[in-house]
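Use these hints to put chain A onto chain Z, whose structure you have.
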Amino acid sequence: MEMDWYLGLSAVLFTIGVIGVLTRKNAIVIFMCAELMLNSVNLTLVSFSAQLGDVHGQILVFFALCVAAAEAAVGLAIIIAIYRNNLTVDVSRINLLRW
Amino acid sequence: MESYIFILFATLAVASALGMISSRDTVNSALFLVLNLISVAGVFLLLKAQFLAVVQVLVYGGAIMVLFLFVIMLLNLSDEEQMLSRFSIRYAVAFFLGVIVFAQLLYAIASVTGTLPHIHPEMEQVGTVESIGDALFSIYMLPVLVTAVLLTAAVVGALLLAQRKISEKGN
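For the record, the sequence lines run as chains Z and A. Last residue of the first sequence? That's 320 in my numbering, and every number before it is there in order. Last residue of the second sequence? That's 191 in my numbering, and every number before it is there in order.
There may be inaccurate statements among the hints.
Dumping the calculated SDA-like pairs for lysine to any residue here, alpha-carbon to alpha-carbon at most 20 Å [what the hints assert, rightly or not]:
1. 246(Z) to 110(A)
2. 246(Z) to 308(Z)
3. 246(Z) to 302(Z)
4. 246(Z) to 113(A)
Which bits of chain Z does chain A cover? Going by a derived footprint, with three or more residues having C-beta under 8 Å, they are [to be verified]:
5. 247–256
6. 263–272
7. 289–300
For the chain A half of the interface with chain Z, some residues (derived, Cβ under 8 Å), not all of them [stated by the list, open to error]:
8. 38
9. 40
10. 110
Rather than coming from a laboratory, the hints here were simulated on the basis of the structure. We put the CB at the ideal spot given by N, CA and C, even for glycine.
Chain Z on its own, in the form it takes in the complex (with noise of 0.2 Å):
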């Protein structure tokens, strides 16, 4: 099995986020098509670890999964906390800051 196909995976799932958070409104969905766009890095991390026998990149998916659970409880809570006073996740409703 070659080392590409799971390069290549890697990528369509980057990209499938790409496109979630460029077109998606819900703030809760783009959040999560953030935790795929992690993901998909995670991935190719552990294949090229995988090729070159080596543990460290499967030490730095480790690493990356504790800031991704670090990520995940702030970001949640100031979308709890933008809720509480806008009453929506809509991101093209929340425009205080926009120019």
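Just chain A now, with coordinates in the frame of chain Z:
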């Protein structure tokens, strides 16, 4: 055999990712993301990274997605109105930028293609809990401690951000 399992997991991952960004209901999006994370964990197993596959299911599919579903339930969101009903310039721009990103990624992959070996024969030992724990608690001891501080700061920050303003009564 390995190729067929990879095709199964890859199709499942791409299909659930597409379902996630095109689903109108937020809960359905979250459940599609769970399916996507579990199929990526299956790909990790194919790459012989057993520990990370288990951690992926436990931490991502378990803890983080439960947090997402809990917030969706707490906010009690209604379905998005007219998500794809009218064509706007936004979708064209998003598609265009997506194609650009995909082309860049394929270009980056193409520069290393052909030079990549198959799965390293020592990978059977590298992906185990033993070797990862060995590396984590010897040379990566300081980053592990810093991660503990980061997680504590994240929990405290999330509590501070999400709590109701108590001091407003005083103003």
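Here is what the structure says about each hint:
Distance restraint check for residue 246(Z) and residue 110(A): the Cα-Cα separation of roughly 11 Å lies within the 20 Å cut-off, and the hinted pair is therefore satisfied. Between the alpha carbons of residue 246(Z) and residue 308(Z) the distance comes to roughly 15 Å, so the proposed pair stays at or under 20 Å and holds. For the suggested pair residue 246(Z) and residue 302(Z), the alpha carbons sit about 17 Å apart, so the restraint of at most 20 Å is met. At most 20 Å may separate the alpha-carbon atoms for a hinted pair to count; residue 246(Z) and residue 113(A) meet this at roughly 15 Å.
Coverage of the region 247–256 of chain Z by chain A holds [criterion: at least 3 residues with CB-CB distance below 8 Å; count 7]. With 7 residues having a Cβ less than 8 Å from any Cβ of chain A, the region 263–272 of chain Z passes the three-residue criterion, so the hint holds. Counting residues of the region 289–300 of chain Z whose beta-carbon sits less than 8 Å from any beta-carbon of chain A gives 11, enough to reach three: the coverage restraint holds. Hint status for residue 38(A) relative to chain Z: holds, with the closest Cβ pair at about 6 Å, below 8 Å.
With 8 Å as the threshold, the beta carbon of residue 40(A) comes within range of chain Z, its nearest partner Cβ sitting at about 7 Å, so the hint holds. Given hint, residue 110(A) at the interface with chain Z, holds; its Cβ is 7 Å from that chain's nearest Cβ, closer than 8 Å.
The structure shown violates none of the earlier numbered hints.
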